[in-house]
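K.L.:
Residue numbers (the numbering used here), protein chains in the order written: chain P, 1 to 416; chain W, 1 to 416.
Hints listed in this document are in silico derivations from the structure and should not be mistaken for laboratory results. Possibly wrong hints are sitting among the right ones.
Where chains are identical, the list cannot tell them apart; a pair therefore holds if satisfied intra-copy or between any two copies.
What the hints assert, rightly or not - Straight line, CA to CA, 25 Å or less: simulated PhoX-like cross-link-like pairs of lysine-lysine:
1. 210 to 391
2. 345 to 391
3. 322 to 410
4. 184 to 336
5. 345 to 210
6. 391 to 310
7. 184 to 287
8. 410 to 287
Bear in mind the structure is a predicted one, so any value in this text is a computation, not a measurement.
Spelled out from the first residue to the last, the chains are:
2 protein chains.
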Amino acid sequence: MASRWPTLRLLAQCKTQSQLRGQTPLKPSWTTRQALSSFPSSAKPGQASSPLSGYLGLVALGLLVTAPLAYKMAVEEPLSLDSLSLAERDQQTKREQGVNDASPMRLRMEKFVKEQQKEIVWALEQVDGNSFRVDEWQRKEGGGGITCVLQDGNVFEKAGVGVSVVYGTLPKPAILKMRANHKKLGEDIENIPDSLEFFAAGLSLVVHPKNPMAPTVHLNYRYFETANPDGTSGAWWFGGGSDLTPAYLFDEDAIQFHKSLKEVCDAHDKDYYSRFKKWCDTYFYNKHRGESRGVGGIFFDDLDETVRDKENTFAFIQDALKSFVPTYVPIINKRKDMPYTEQEKEWQQIRRGKYVEFNLVHDRGTAFGLNTPGARVESILMSLPLTASWKYMYEPEPKSREARLVEVLKTPKEWV
Amino acid sequence: MASRWPTLRLLAQCKTQSQLRGQTPLKPSWTTRQALSSFPSSAKPGQASSPLSGYLGLVALGLLVTAPLAYKMAVEEPLSLDSLSLAERDQQTKREQGVNDASPMRLRMEKFVKEQQKEIVWALEQVDGNSFRVDEWQRKEGGGGITCVLQDGNVFEKAGVGVSVVYGTLPKPAILKMRANHKKLGEDIENIPDSLEFFAAGLSLVVHPKNPMAPTVHLNYRYFETANPDGTSGAWWFGGGSDLTPAYLFDEDAIQFHKSLKEVCDAHDKDYYSRFKKWCDTYFYNKHRGESRGVGGIFFDDLDETVRDKENTFAFIQDALKSFVPTYVPIINKRKDMPYTEQEKEWQQIRRGKYVEFNLVHDRGTAFGLNTPGARVESILMSLPLTASWKYMYEPEPKSREARLVEVLKTPKEWV
Numbered sequence: 001m002a003s004r005w006p007t008l009r010l011l012a013q014c015k016t017q018s019q020l021r022g023q024t025p026l027k028p029s030w031t032t033r034q035a036l037s038s039f040p041s042s043a044k045p046g047q048a049s050s051p052l053s054g055y056l057g058l059v060a061l062g063l064l065v066t067a068p069l070a071y072k073m074a075v076e077e078p079l080s081l082d083s084l085s086l087a088e089r090d091q092q093t094k095r096e097q098g099v100n101d102a103s104p105m106r107l108r109m110e111k112f113v114k115e116q117q118k119e120i121v122w123a124l125e126q127v128d129g130n131s132f133r134v135d136e137w138q139r140k141e142g143g144g145g146i147t148c149v150l151q152d153g154n155v156f157e158k159a160g161v162g163v164s165v166v167y168g169t170l171p172k173p174a175i176l177k178m179r180a181n182h183k184k185l186g187e188d189i190e191n192i193p194d195s196l197e198f199f200a201a202g203l204s205l206v207v208h209p210k211n212p213m214a215p216t217v218h219l220n221y222r223y224f225e226t227a228n229p230d231g232t233s234g235a236w237w238f239g240g241g242s243d244l245t246p247a248y249l250f251d252e253d254a255i256q257f258h259k260s261l262k263e264v265c266d267a268h269d270k271d272y273y274s275r276f277k278k279w280c281d282t283y284f285y286n287k288h289r290g291e292s293r294g295v296g297g298i299f300f301d302d303l304d305e306t307v308r309d310k311e312n313t314f315a316f317i318q319d320a321l322k323s324f325v326p327t328y329v330p331i332i333n334k335r336k337d338m339p340y341t342e343q344e345k346e347w348q349q350i351r352r353g354k355y356v357e358f359n360l361v362h363d364r365g366t367a368f369g370l371n372t373p374g375a376r377v378e379s380i381l382m383s384l385p386l387t388a389s390w391k392y393m394y395e396p397e398p399k400s401r402e403a404r405l406v407e408v409l410k411t412p413k414e415w416v
Numbered sequence: 001m002a003s004r005w006p007t008l009r010l011l012a013q014c015k016t017q018s019q020l021r022g023q024t025p026l027k028p029s030w031t032t033r034q035a036l037s038s039f040p041s042s043a044k045p046g047q048a049s050s051p052l053s054g055y056l057g058l059v060a061l062g063l064l065v066t067a068p069l070a071y072k073m074a075v076e077e078p079l080s081l082d083s084l085s086l087a088e089r090d091q092q093t094k095r096e097q098g099v100n101d102a103s104p105m106r107l108r109m110e111k112f113v114k115e116q117q118k119e120i121v122w123a124l125e126q127v128d129g130n131s132f133r134v135d136e137w138q139r140k141e142g143g144g145g146i147t148c149v150l151q152d153g154n155v156f157e158k159a160g161v162g163v164s165v166v167y168g169t170l171p172k173p174a175i176l177k178m179r180a181n182h183k184k185l186g187e188d189i190e191n192i193p194d195s196l197e198f199f200a201a202g203l204s205l206v207v208h209p210k211n212p213m214a215p216t217v218h219l220n221y222r223y224f225e226t227a228n229p230d231g232t233s234g235a236w237w238f239g240g241g242s243d244l245t246p247a248y249l250f251d252e253d254a255i256q257f258h259k260s261l262k263e264v265c266d267a268h269d270k271d272y273y274s275r276f277k278k279w280c281d282t283y284f285y286n287k288h289r290g291e292s293r294g295v296g297g298i299f300f301d302d303l304d305e306t307v308r309d310k311e312n313t314f315a316f317i318q319d320a321l322k323s324f325v326p327t328y329v330p331i332i333n334k335r336k337d338m339p340y341t342e343q344e345k346e347w348q349q350i351r352r353g354k355y356v357e358f359n360l361v362h363d364r365g366t367a368f369g370l371n372t373p374g375a376r377v378e379s380i381l382m383s384l385p386l387t388a389s390w391k392y393m394y395e396p397e398p399k400s401r402e403a404r405l406v407e408v409l410k411t412p413k414e415w416v
């Protein structure tokens, strides 16, 4: 279904200050103001207080930076291959050969998430009737992302769909930490390099509908890879997931959402769904409130060769991401025009407050991003709702629909 | 001025489910539901990821727990003094001798912040015309606090004034960390005890007015003390401060606020104001936004015998806390009825969002509190506004009043 949407539609609808010039990426005029920020080319995760997995969170949150060093690479004389960085090699490959099934996974993932971003943006625009604002951002050291946001629409209070692609350098402390989960990183413990080039690309989205009967949804899929000093691929892994956060619980929506994810998982591995469903319940847990953020979905990280080969894992990631639109759009269409009261809107705002709490207090990616100097804060915080509310000691009436939601959040259910 | 307010007025106006019985503290019926939570009697700060100064933040945020083990202590036979905990000793002292200028600082500080809480609540009620909800909370291990909140009033969107008093035990790793700032803690490095009893008491308040022309204000004063194994006082220090956060900047308000703080500081030490003003600008800095939370005020911590003696420091703390009402009430009275537009209200909501970001992402006390199992979350988060908003890439018009505020927040000013 998703594949029938015209992938170039996004380019045609960039009503922002972008100029469209053939292969040149969109460059809204604010780019010069905002995007040439001081985001460091090597993010030095070893110096940050967050766990290293925050790196992936960065991708998740559209913080990381695209590769387009292309303009830097319009060199007069060809460089010797050995002196090229990973980013420069990839730019050369794209220029000379394009991207196909034989290309490095980096280029295939980048191409895939950018295509998917266009398709998802197009599908959500069809639901809302308004267009997304499209901001492509770069940083002077190279890299960047594309952040698409639709705000205060007919159906969506706020919908953000972000892609980021980054090339950087892992310092030795970061490599040592990552080894805990990825043995391939510096296999020879005697000869761990002082630094390693890495690549990360991902798509991240959060949709907050206006109607309190329609659930918020979050999704993120990402790929991470290191380059060996000789230029070959080193360690690699995929991560991601998708979860649903209703203010009013319609069991049928939760069931449909989980069923769709289970189908995708089952087609690739019969163990995936139950493992990733539990992982999701654990990760999206608002500890200080003693409740889950929502009714869950799937979440996973570190899917590497110890789980399954790269090709099959990418196939799973593709199916999972492609299933988003056909899963969520029917749910939003069913809920977007339902009648609701002022009190029900108020309850939604209270739940939005809890969403903000999770994202700002517990989400590792957000914390890491916000503590990274020069990060594009507006891309990280596109996940926050347009409005939220905190009422002191607010508790739903016993046996109300609101109380039932809280009950389910306190004891995650099996939906399929 | 403050001393003329009737300190017993709060007791007379407890419209909550409290029962008032002579000396018995207020006990709203929800206490039995909420307050007997599993907040651990020794908070084990050494196991938390936040810096140990979070302890003080706990007090700041009304998280910590009151001492009232009184009912447990209606013992048939007198206990030998040696076997009593610090909390039990203090209860005995209060029962037998009351609290006066010769009492331990613990009891004097507790008495003082509880009196001040009543006076501040009373003063804010006079401004608003509505009453605060008063919740006294305890935990089954002993200790607790009093949280007073006025929500959706005539003048105040949300005003919270909390007191907490806690007795607990510091494990050895916490003692070792605290030694960095307080040499008196385990002076004999060879004989640092495995644990030390401690006491902490503080008052914390946050007031968010409805009118966008009226500034938000925050205040917190706290006292911390450890007991030596022989029962005598060990290390002690005071901390605190107060800061102003306008959505629309009236220079005269910022000047008046700082002038009042400077007067209080100058009366005790000519160096205090400039040191504490800088400290405030540094602490209340929203790093990821590159701007201060507001126009500042004063902030300090670790005021111990290396700075000035206990008696003089307590006198300073008293004057600083007592100056709150006569400083803030004239400001709120001047602003509360000013006309404003829908756009100005919107800007206030955007600024509220930044306030939420600071409190949830950067404030050490909030982070520590929310990560402490069994904490009274509603008392910690009473600091959040009733409503807040996040607009993607929202930027004020150049040269507007909104833009000038941001400019001042980016480069803190000297106001006096």
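K.L.:
Cα distance capped at 25 Å. Does residue 391 pair with residue 310 within a copy, between copies, both, or neither?
P.N.:
Close neither inside one copy (48 Å) nor across copies (39 Å); limit 25 Å.
K.L.:
State whether the alpha carbon distance between residue 410 and residue 287 is at most 25 Å within one copy, between copies, both, or neither.
P.N.:
Within one copy only: 10 Å inside a chain, 34 Å across chains, cut-off 25 Å.
K.L.:
From the Cα coordinates, with 25 Å as the cut-off, is the pair residue 345 and residue 391 best called within, between, both, or neither?
P.N.:
The answer is both: 14 Å in one copy and 19 Å across copies each meet 25 Å.
K.L.:
When Cα atoms must be at most 25 Å apart, do residue 210 and residue 391 count as within-copy, between-copy, both, or neither?
P.N.:
Both: 20 Å inside a chain and 14 Å across chains, each within 25 Å.
K.L.:
Given a CA cutoff of 25 Å, do residue 345 and residue 210 count as a within-copy pair, a between-copy pair, both, or neither?
P.N.:
both (9 Å within a copy, 20 Å between copies)
K.L.:
If the cut is 25 Å between Cα atoms, do residue 322 and residue 410 qualify within a copy, between copies, both or neither?
P.N.:
So residue 322 and residue 410 fail the 25 Å test inside a copy (30 Å) and across (43 Å) alike.
K.L.:
Should residue 184 paired with residue 336 be assigned to within, between, both, or neither, using CA atoms and 25 Å as the limit?
P.N.:
For residue 184 and residue 336, the Cα distance exceeds 25 Å both inside one copy (47 Å) and across copies (63 Å).
K.L.:
Treating 25 Å as the Cα threshold, decide for residue 184 and residue 287: within, between, both or neither.
P.N.:
Intra 33 Å, inter 36 Å, cutoff 25 Å: neither.
When held up to the earlier numbered hints, the structure conflicts with 3, 4, 6, 7 and fits the remainder.
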